Amino acid sequence: MQRPPRGSSPGAAGRQSIMTEVLRLENVSKSFGALRVTDTVSFSVPKGQALGIIGPNGAGKSTLFNLITGNILPDRGSIHLSGQDVTRLPAMRRVRMGVGRSFQIPQPFEGLTVYENLLTAAAFGQARREADVQTECAEILAETELLRRANDLAGSLSLLDRKRLELARAMASGPELLLLDEIAGGLTEGECQALVETIRALHARGITIIWIEHVLHALNSVVERLLVLDFGKVIGVGAPAEIMASKEVREIYLGLEV
Amino acid sequence: MQISVTTRTRASTIAGIAALALIGLGLILPAFASRSVIQDLFFILTLLTLAQLWNLIAGYGGMVSIGQQAFVGIGAYAMFAGVILWGWDPIAAIPLGLGAALVLAVPMAFFAFRLQGAYFAIGTWVIAEVTRLLVAQWKTLGGGTGTSLPREATADIWGVKAIAALLGLRDAAARDVLAYWLALAMAVGTMAAIYILLRSRNGLALAAVRDNDNAARSVGVDAARLKWAVFLSAAAMTGMVGALIFLQTARISPDAAFSVTTWTAYVIFIVVIGGIGRLEGPIIGVLVFWGLQTAFADYGSWYLFSLGLIAIAVMLFAPRGLWGLFTDRTGIALFPVQRRLTTTSQGDSRNG
Ligand SMILES: Nc1ncnc2c1ncn2[C@@H]1O[C@H](COP(=O)(O)OP(=O)(O)OP(=O)(O)O)[C@@H](O)[C@H]1O
Ligand SMILES: [Mg+2]
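Keeping their order, the protein sequence lines are chains H and V. The working numbering puts the first sequence at residues 1 to 258. The working numbering puts the second sequence at residues 1001 to 1352.
Be a bit skeptical, because a hint or two may be false.
[Claimed, not checked] Beta-carbon label-pair distances, calculated as ranges: (1) V:G1308 - H:E110: 22 to 32 Å; (2) V:K1161 - H:E110: 48 to 58 Å; (3) V:S1036 - H:E110: 22 to 32 Å; (4) V:F1113 - H:D85: 25 to 35 Å; (5) V:N1214 - H:E145: 36 to 46 Å; (6) V:G1331 - H:E110: 14 to 24 Å; (7) V:L1020 - H:P90: 55 to 65 Å; (8) H:G186 - V:R1010: 32 to 42 Å; (9) V:L1316 - H:E26: 32 to 42 Å; (10) V:K1139 - H:P90: 43 to 53 Å.
Read the hints as simulated data drawn from the structure, not as lab findings. Since the model is a prediction, treat every value here as computed from it, not as a measurement. Beta carbons are placed, not taken as given, at the ideal position from N, Cα and C, and that holds for glycine.
Take the sequences, apply the hints, and build the full model.
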């Protein structure tokens, strides 16, 4: 038999779920001037889940990522990583807690080589010695099809390779929670399939993934749960099939495309 | 996958050997070189060190300061204070320059780091000017007109007698040799320290912050701490060089010690001409500058005017400096920092 709980049982149950929860947002809001870009957003992501985020252009998806990583701070609400309140913690500290991200508009270190971009992320994101991350970084390059560009300056890459580098660098930072912002756009069908395989492999390793993507068939072949954002509000969360079937989502989001 | 990561190249191995040979030659040079050669080399080595330090903060750290003369000046004055007020030996007083520059650098960084781009540059210059004006009020050190190191102090500097005896020189010449050796040590030490920094993981972080500090923070780099560390160490070393320069001249004034032309404009010229953001740049730059100085310095303002024209021409036609021009054509780097990856896949060793 279990020991009787010390406090009230809901409290104990709450603590239990916090332990397996990688991310929790509670009533997070952010405005730019008069424009409310994130509107009382609450949701949580259990450890190991792959969550997809969809929503029309300007819905506030990337802003949500910036709030989670600490690149911008919320006006209201709180953000927890693995049960710890990080609402005011700087971005750099959150990386060390296991948050890795890619940028929608690639932001490579242009004066460093592709390989050095990864070495930097691995050495600082994981707080390890450079010599200890060399092999891991080379393997990530192979996995993301960047090995042939390893010694080229990141500033000389094509847009496609820059996007690959975004994913590779985020992987190198050693994330437990990986945030991917539109990395499939512009890929051919074959390349997209390879990308899906890479993300599946990360997922299989137990990494929690949140993926913003407009390429829905790629997204839905990986994620277990979808979250729909519109005008900064969460208008639906659930299993992909359920979300895609919902009338509201079809109108607001898919209606624009079909 | 079997990997190897190398930084060294054939050119850099040769350069390393040549550098060691040059340092050796530099050490024994006073045994046969004339006093004027030693004085010229002192000038070159101290400017080279200042240029490397400015290159570190501006070229690698992205902090374009035009207030470095503040550290030269305060370092030199601290050394003079040690000698005149407390009767220290001038050599022992050199580290006071380091300490004083550090003490000034903390509030300067605190203030200037709040400013961006051109405002940062102007902010550092303003602080340097304020420091000059304050130091000019210091009556015991000569106020606005300056002062000299007392004869008793210069007559009996540590090691000068020994050098005079060893090389068969008069005291004044032996003093120049001592200053030259110290300048050599500072130049070599500074360049070695910068090279080691760039080869370490902090070198990657520095480049990452310069390229994109938002992204650098997003991979866990502590951009703010790195900037502080680089700015403070460059300032401290600049203060030490300032102390040495004015030990050699044995005379100081606020205008000379805090000269924005000499300690910052010339230094920027050297870095820009040679190639910013690379260790080889200031070496080329200082040689070009010394050549111009020797040939044309008598032409006064025309000389300064020409320096400006040359700098503009280089910025337009070779924005990465003379060394950048050379290295872009040939791919040669004497002090390479790039980590180059080579992989050899080895069959089935990684099945799983
Ligand atoms: N730093 C900022 N300052 C002012 N407005 C901003 C800022 N960042 C984003 N916005 C605005 O907030 C809104 C949401 O932007 P966000 O980038 O989060 O949308 P998104 O859902 O990622 O869109 P997309 O699908 O186009 O990438 C947009 O109207 C954008 O113009
Ligand atoms: Mg976006």
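To see whether the hints hold, each was checked on the structure:
For G1308 of chain V paired with E110 of chain H, a C-beta distance near 30 Å keeps the hint of 22 to 32 Å intact. Between K1161 of chain V and E110 of chain H the beta carbons are some 56 Å apart, a value that agrees with the proposed interval 48 to 58 Å. Distance hint for S1036 of chain V and E110 of chain H: a CB-CB separation of about 46 Å, inconsistent with the stated range 22 to 32 Å. At about 28 Å, the beta-carbon gap between F1113 of chain V and D85 of chain H stays in the expected band of 25 to 35 Å.
Take N1214 of chain V and E145 of chain H: their Cβ atoms lie about 26 Å apart, and the range 36 to 46 Å is violated. Hint check: G1331 of chain V to E110 of chain H, Cβ distance near 19 Å, so the stated range 14 to 24 Å holds. For L1020 of chain V paired with P90 of chain H, a C-beta distance near 44 Å fails the hint of 55 to 65 Å. Distance hint check for G186 of chain H and R1010 of chain V: the Cβ-Cβ separation is about 40 Å, which falls inside the suggested range of 32 to 42 Å.
For the pair L1316 of chain V and E26 of chain H, the supplied restraint of 32 to 42 Å is violated, since their beta-carbon distance comes to about 56 Å. At roughly 47 Å, the beta carbons of K1139 of chain V and P90 of chain H sit within the given window of 43 to 53 Å.
Hints 3, 5, 7 and 9 from the list above are not met by this structure, while the remaining hints are.
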